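What follows is each chain in one-letter form.
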Amino acid sequence: MNKSSLGRFFEDFRMGEDIVHAVPRTVTEADAALYLALTGSRFSLFCSRPFAQSLGFAEVPLDNLLVFHIAFGRTVADISRNAIANLGYAEVRFEHPVYAGDTLNVHSKVIGLRETGNGQAGIVTVASRALCAEGRTLLTWKRWLLMAKRDPDTRSGVNSPAELAPEVSPASLPLPAGQSFADFDRAASGESWSYEDYQPGEIIDHVDGVTVDDAEHVMATRLYQNNARVHFNQHQMASSAHGRRLVYGGHVMSLCRALSHNGLANGQWLAAINGGTHANPVFAGDTLYARSEVIDKWEWPDRQDLGALRLRTYGFKNCAWEDMDTPVMTEKNGRRQYAQSLVLDLDYTVLMPRR
Amino acid sequence: MNKSSLGRFFEDFRMGEDIVHAVPRTVTEADAALYLALTGSRFSLFCSRPFAQSLGFAEVPLDNLLVFHIAFGRTVADISRNAIANLGYAEVRFEHPVYAGDTLNVHSKVIGLRETGNGQAGIVTVASRALCAEGRTLLTWKRWLLMAKRDPDTRSGVNSPAELAPEVSPASLPLPAGQSFADFDRAASGESWSYEDYQPGEIIDHVDGVTVDDAEHVMATRLYQNNARVHFNQHQMASSAHGRRLVYGGHVMSLCRALSHNGLANGQWLAAINGGTHANPVFAGDTLYARSEVIDKWEWPDRQDLGALRLRTYGFKNCAWEDMDTPVMTEKNGRRQYAQSLVLDLDYTVLMPRR
Amino acid sequence: MNKSSLGRFFEDFRMGEDIVHAVPRTVTEADAALYLALTGSRFSLFCSRPFAQSLGFAEVPLDNLLVFHIAFGRTVADISRNAIANLGYAEVRFEHPVYAGDTLNVHSKVIGLRETGNGQAGIVTVASRALCAEGRTLLTWKRWLLMAKRDPDTRSGVNSPAELAPEVSPASLPLPAGQSFADFDRAASGESWSYEDYQPGEIIDHVDGVTVDDAEHVMATRLYQNNARVHFNQHQMASSAHGRRLVYGGHVMSLCRALSHNGLANGQWLAAINGGTHANPVFAGDTLYARSEVIDKWEWPDRQDLGALRLRTYGFKNCAWEDMDTPVMTEKNGRRQYAQSLVLDLDYTVLMPRR
Numbered sequence: 001m002n003k004s005s006l007g008r009f010f011e012d013f014r015m016g017e018d019i020v021h022a023v024p025r026t027v028t029e030a031d032a033a034l035y036l037a038l039t040g041s042r043f044s045l046f047c048s049r050p051f052a053q054s055l056g057f058a059e060v061p062l063d064n065l066l067v068f069h070i071a072f073g074r075t076v077a078d079i080s081r082n083a084i085a086n087l088g089y090a091e092v093r094f095e096h097p098v099y100a101g102d103t104l105n106v107h108s109k110v111i112g113l114r115e116t117g118n119g120q121a122g123i124v125t126v127a128s129r130a131l132c133a134e135g136r137t138l139l140t141w142k143r144w145l146l147m148a149k150r151d152p153d154t155r156s157g158v159n160s161p162a163e164l165a166p167e168v169s170p171a172s173l174p175l176p177a178g179q180s181f182a183d184f185d186r187a188a189s190g191e192s193w194s195y196e197d198y199q200p201g202e203i204i205d206h207v208d209g210v211t212v213d214d215a216e217h218v219m220a221t222r223l224y225q226n227n228a229r230v231h232f233n234q235h236q237m238a239s240s241a242h243g244r245r246l247v248y249g250g251h252v253m254s255l256c257r258a259l260s261h262n263g264l265a266n267g268q269w270l271a272a273i274n275g276g277t278h279a280n281p282v283f284a285g286d287t288l289y290a291r292s293e294v295i296d297k298w299e300w301p302d303r304q305d306l307g308a309l310r311l312r313t314y315g316f317k318n319c320a321w322e323d324m325d326t327p328v329m330t331e332k333n334g335r336r337q338y339a340q341s342l343v344l345d346l347d348y349t350v351l352m353p354r355r
Numbered sequence: 001m002n003k004s005s006l007g008r009f010f011e012d013f014r015m016g017e018d019i020v021h022a023v024p025r026t027v028t029e030a031d032a033a034l035y036l037a038l039t040g041s042r043f044s045l046f047c048s049r050p051f052a053q054s055l056g057f058a059e060v061p062l063d064n065l066l067v068f069h070i071a072f073g074r075t076v077a078d079i080s081r082n083a084i085a086n087l088g089y090a091e092v093r094f095e096h097p098v099y100a101g102d103t104l105n106v107h108s109k110v111i112g113l114r115e116t117g118n119g120q121a122g123i124v125t126v127a128s129r130a131l132c133a134e135g136r137t138l139l140t141w142k143r144w145l146l147m148a149k150r151d152p153d154t155r156s157g158v159n160s161p162a163e164l165a166p167e168v169s170p171a172s173l174p175l176p177a178g179q180s181f182a183d184f185d186r187a188a189s190g191e192s193w194s195y196e197d198y199q200p201g202e203i204i205d206h207v208d209g210v211t212v213d214d215a216e217h218v219m220a221t222r223l224y225q226n227n228a229r230v231h232f233n234q235h236q237m238a239s240s241a242h243g244r245r246l247v248y249g250g251h252v253m254s255l256c257r258a259l260s261h262n263g264l265a266n267g268q269w270l271a272a273i274n275g276g277t278h279a280n281p282v283f284a285g286d287t288l289y290a291r292s293e294v295i296d297k298w299e300w301p302d303r304q305d306l307g308a309l310r311l312r313t314y315g316f317k318n319c320a321w322e323d324m325d326t327p328v329m330t331e332k333n334g335r336r337q338y339a340q341s342l343v344l345d346l347d348y349t350v351l352m353p354r355r
Numbered sequence: 001m002n003k004s005s006l007g008r009f010f011e012d013f014r015m016g017e018d019i020v021h022a023v024p025r026t027v028t029e030a031d032a033a034l035y036l037a038l039t040g041s042r043f044s045l046f047c048s049r050p051f052a053q054s055l056g057f058a059e060v061p062l063d064n065l066l067v068f069h070i071a072f073g074r075t076v077a078d079i080s081r082n083a084i085a086n087l088g089y090a091e092v093r094f095e096h097p098v099y100a101g102d103t104l105n106v107h108s109k110v111i112g113l114r115e116t117g118n119g120q121a122g123i124v125t126v127a128s129r130a131l132c133a134e135g136r137t138l139l140t141w142k143r144w145l146l147m148a149k150r151d152p153d154t155r156s157g158v159n160s161p162a163e164l165a166p167e168v169s170p171a172s173l174p175l176p177a178g179q180s181f182a183d184f185d186r187a188a189s190g191e192s193w194s195y196e197d198y199q200p201g202e203i204i205d206h207v208d209g210v211t212v213d214d215a216e217h218v219m220a221t222r223l224y225q226n227n228a229r230v231h232f233n234q235h236q237m238a239s240s241a242h243g244r245r246l247v248y249g250g251h252v253m254s255l256c257r258a259l260s261h262n263g264l265a266n267g268q269w270l271a272a273i274n275g276g277t278h279a280n281p282v283f284a285g286d287t288l289y290a291r292s293e294v295i296d297k298w299e300w301p302d303r304q305d306l307g308a309l310r311l312r313t314y315g316f317k318n319c320a321w322e323d324m325d326t327p328v329m330t331e332k333n334g335r336r337q338y339a340q341s342l343v344l345d346l347d348y349t350v351l352m353p354r355r
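Chains as they are written, first to last, in my numbering: chain A, 1 to 355; chain B, 1 to 355; chain C, 1 to 355.
It should be emphasised that the hints constitute simulated quantities derived from the structure, not laboratory data.
Hints should not be assumed to be uniformly reliable.
[Claimed, not checked] Cut-off 16 Å, straight-line C-alpha distance, at most; resulting in silico cross-link-like pairs (EDC-like, lysine to aspartate or glutamate): (1) C:K109 to C:E91; (2) A:K3 to C:E202; (3) A:K3 to C:E191; (4) C:K3 to B:E331; (5) B:K3 to A:E91; (6) B:K109 to B:D12; (7) C:K109 to C:D12; (8) A:K3 to C:E293; (9) A:K3 to C:E91; (10) A:K109 to A:E91.
[What the hints assert, rightly or not] Just the calculated beta-carbon pair ranges, DEER-fashion: (11) B:S172 to A:D296: 28 to 36 Å; (12) B:D18 to A:R335: 55 to 63 Å; (13) A:T330 to B:R335: 54 to 62 Å; (14) C:A177 to B:E293: 51 to 59 Å; (15) A:D185 to B:R14: 39 to 47 Å; (16) B:T154 to C:G285: 50 to 58 Å; (17) A:E17 to C:I203: 30 to 38 Å; (18) C:G243 to A:N118: 44 to 52 Å; (19) B:G56 to A:H242: 54 to 62 Å.
These numbers were taken from a predicted model, which means no experiment stands behind them.
All C-beta atoms in this analysis are idealised placements derived from N, C-alpha and C, irrespective of residue type, glycine included.
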């Protein structure tokens, strides 16, 4: 028997099962530097110790998305090796800052299993959790995937769909307990805007574009030790529908988030991701643009230093926002459909300093 | 109003104005490792702790050019987003070594403003300064740019050109005060040459060539958080005169400096850059070569351990020095013109151990 | 005289000569993070501090191959600038773990010199040693190369071939003295297999493939400060037989080793490399696959915690193992010949936890 693994199929998951993911990872300052080089992020919280400490962080925390991608990377070998598609994320909660030296241990619980109508595949939903070595929860998230079946011809009849919250509610939003945004240095962050300056419905065109290169997205994905085959194997992908390696969706999220610095430079701390969809694939050579809409804003009577903005950031490829001549989403025969140039629809919540 | 910024135009600068640049940056060992991987530098001072400490450095300092590029990167969003061209550098002074853990804060003073003859653009000169969190000046430099006007049709009549020194003079050259080159280990550095071995007029052909790749120059430029659009957006650059992303001139400087190790391995500490010109653009796929000329040499009676060499390093593309069949510079209709294969003309001063 | 070096030729080596290599290197956590990003390695020992410490390591050690490549890189300027081919490695012994902060000093002794039959070139064999600043030997290895002659027309008559051991024997295998694999965490490593589960003759197909990109292999090679020209200079290589830059063989070793995690996840510590051959060149764009054979297995009465597996890992390009329709090696006119898709034949010894 070959000792290498081909990964799990739909039939290999059991409702309620808890999967401990291998390859715990001790993160370092080098992960942060590589993240800058791979994404172009400019949020001062993640690159300046005096800035981070002025907000009450012990040290420079690792960028929330970097932590998310590394934690997510732990789960790929067990969960998504045979995924046909990553359908979405929900309830991503950034519970605690992660610092260089912390070790991420990740496990996942199967919370939904549902065979597709034609019986050819199944939808698997897992709730994942990243803990540090001391046992504190750093990050939790849910995701669901379309999973290949080992035996597509045998019906399983499994039908236990998961229930997912449409948002991380203001009441449950994880706010950094030991931190305060009262002395937020807007000269250092790069923009003067405060929580009060943003209004629901407001749209921010982030203006700039960034082209993705092969070595770059591959290095990013490997830094996260995400070993999904579609990102790495050109020999195999040449005979796929796309003919090319797919850029990891998490890298697309990070590039769009980095672009969003221009207009959202003070939305530095990601508290939650409410939902996310990779609407169309991205390939090396594509140029990404981003624009954000303020969906909602929340404040708390006991936190005069900060409020939260719920944002929806769209990522586009090879088309600046101002040149976009079709709506982001259309309905066709009753089905909602994303524009072909739309690659990311990310609904998330950032903390903003108040005036 | 869109909250993202399009950057300043010529009309937005005021003589004497002081601009505090955002995104202070705490540098780490990882910046140094990435710099090695991105440039191929082999100067022992920047990669060996025992070597650095034998010269009196507290730790391995960050490569001077790495520090310069990171400091420079802070200024781009405020200064050069709408630059038509970076015309040159002058009076770059490396005042103090920078170590992992130091934070760079950068600000710039506008010291020259001059509308061009046709009124379509203007030349802006700034004096910039990088300080560590404790307030010590690490690095100062001046640069001038051709800046787009917001309204090219309205004459401003501004005519306050800056005066720039042609060199950082021997008398004012910043020498590392707590360091001594007396025990300079030439087996560790890789060459036996000393200050006394170099003579003005001497030429060193650095022999080797290095090809630039897209992901590489983009990662280098992002590591510096330099967000000038011309380096990143292929979708936009496709319709430019060049049709391609431009390689950041600072990366070209670093590649040529790395090549110069072969023949100048003991010229490790950069004390000053007297002037620099990016004579022609570099694109991914180009192969760079370098050759240096010793312009001058200086010594000080109270420093028996070291002297300084003023060097002029030329960078070429797709043409080794020995195959070059045109002069570096020609005159045509009274105008000096660089050969098309010449990409860099860098005039700088390094410290060299004495015998 | 040009002060830059063109490197040594066959005539420049003397039997018994000891060469101290320049550019000592202090390794950091950043080298480890870059190695993950450049190779996709997932061995938990090299990325998790709790895992490393549970085996008795003081900290996360640097991946053995990363250490080997960095140590090897020191020797290139002196040894292999004018190599026509790297013919092989032998007796690579990993004596001590290397941690962030350690400095590698490397020297080589010439142990074999033999002119080729036609007198046009010569085979040079060196024994190299990497020591930390405190003088402890970290790593030793031998390699032999086909070296160009400065003057191919003058016979040297030199004929002192080196003798090389075909393997690092079980009796002399360096076992980590202060470490114990008794508490090896197989949930963390990712596989349940133990020493007892592997049998000589067993074959493991590592299944996955990975495509090499230009910027990636160049960055890896530069991280090791290996400055062999064939990897970097496209302008020069365009007129070579291959027309392209060659991927550094060490990078190929690392990619195949990273692929081997799937099936050999518990073979984390490399004790020795018995021999290695780069059978065919690899270029950017090639996709690598790997499969391993268990050659032998060894145990020691005083080490109940671990045994050793002698493995032979083959690397293939653009051809998965299952699609391979020719034998790995054929004989033609009495000469053994590798299949064209075979790029690496690596014979090495890993330690495995016992049950």
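Original post:
So which hints don't hold here, by number, going up?
Top reply: Failing hints, ascending: 4, 5, 9, 11 and 15.
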